[in-house]
Amino acid sequence: MIRRVLFAAILAGLVAGIVVTGVQQTRITPLILHAESYEAATPPAAGGHSHAHEAAPHSHDAAHHSHDADAWAPADGIERTAFSLLANVLTAIGFGLLLTAGFALYGKPVGATKGVLWGLAGFGAFWLAPALGLPPELPGLQAAELSDRQAWYAGTVIATGGGIAMLAFLRSRAAKGLGALLIFIPHVIGAPHPETLGGNTPPELAAMFVMASLLGAAVLWVVLGGVSGYLYDRLAKTA
Amino acid sequence: MQQTMPTTRADTTADLSSRLAAAAVATLLGAFMLIGVGFAHSDILHNAAHDSRHTFAFPCH
Chain D
0 MIRRVLFAAI LAGLVAGIVV TGVQQTRITP LILHAESYEA ATPPAAGGHS
50 HAHEAAPHSH DAAHHSHDAD AWAPADGIER TAFSLLANVL TAIGFGLLLT
100 AGFALYGKPV GATKGVLWGL AGFGAFWLAP ALGLPPELPG LQAAELSDRQ
150 AWYAGTVIAT GGGIAMLAFL RSRAAKGLGA LLIFIPHVIG APHPETLGGN
200 TPPELAAMFV MASLLGAAVL WVVLGGVSGY LYDRLAKTA
Chain V
0 MQQTMPTTRA DTTADLSSRL AAAAVATLLG AFMLIGVGFA HSDILHNAAH
50 DSRHTFAFPC H
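Quick note, the sequences are listed as chains D and V, same order.
Everything in the first sequence is counted per numbering that gives the first Met the number 0, starting at 0 for the first residue and increasing by one.
Everything in the second sequence is counted per numbering that gives the first Met the number 0, starting at 0 for the first residue and increasing by one.
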């Protein structure tokens, strides 16, 4: 059982991570690099756009972005792409393990088609629901305190995932109602937002990035769900 | 026909406990990997996984 859960997740994560790297390198990374050119070009204090709030405590300056200028970072080009591929594969395997853990709890055959549905639930919990409060960000945009955003993101993922599971698998009307309520609660609480908006990144670029991130996440989850569901059933015959 | 329905209570319990154990191991391992790649505040992990964090819309810097 354990072998089946781990193998299905690792193989599906490998496939989905490689596929999504293709989408990322052609549709997403170019937008990130473009945004970084604005970030690097204009030190915030010098202010290409003189905003009264420029010096606000939440000001998201270039020095803050890189945390520590001396810290190691992959060199642009093949090295940066290679680390992105690695990070994509590891992220996909991580998501895949959560999916196959769900398959094990579910206890019935899954297959590719139902696997895609599981993947769409993952997309809803890990991308769509958090993005309603915290739209995918380009480097250089103003944002609230990182820990606050991470806490809201994690809470939203858990509440949405739990809510979807209750709606899908519990019979009683009360349980389904509670599941729906769980999905709504994070949005009633509201995501943390910065006191001031802005930054040097053009809004059009930020809008394009939201759709590019949607494409990347949707491709990842559909491929991951379909392949892991297929493998999970196939491995039942051998493991 | 009757022979194909041998599922005793012990079998069902063993199946359930192995499924629960597998799910627990996979969840812990998956969460550990996602926290490392997507959430850890370490500069080196952040820089290595930077473009992926943005791609999947994890909150970043």
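What the hints contain is simulated information worked out from the structure, not anything from laboratory work.
Each hint should be verified, as a subset may be incorrect.
If you want the footprint, here are the derived chain V segments under chain D, 3+ residues with CB under 8 Å [claimed, not checked]:
| id | segment |
| --- | --- |
| 1 | 17-28 |
| 2 | 33-42 |
| 3 | 45-55 |
Below, computed lysine to aspartate or glutamate pairings styled on EDC-like, alpha-carbon distance capped at 20 Å [to be verified]:
| id | chain 1 | residue 1 | chain 2 | residue 2 |
| --- | --- | --- | --- | --- |
| 4 | D | K107 | V | D42 |
| 5 | D | K236 | V | D14 |
| 6 | D | K107 | D | D232 |
| 7 | D | K113 | D | E203 |
Just so it is clear, CB atoms sit at the ideal spot from N, CA and C, and this is done for glycine as well.
Evaluation of the provided hints:
| no. | hint | verdict |
| --- | --- | --- |
| 1 | 17-28 | holds (count 11) |
| 2 | 33-42 | holds (count 7) |
| 3 | 45-55 | holds (count 11) |
| 4 | D:K107 x V:D42 | violated, 42 Å |
| 5 | D:K236 x V:D14 | holds, 16 Å |
| 6 | D:K107 x D:D232 | holds, 9 Å |
| 7 | D:K113 x D:E203 | violated, 37 Å |
Against the hints set out earlier in the document, violations occur for numbers 4, 7.
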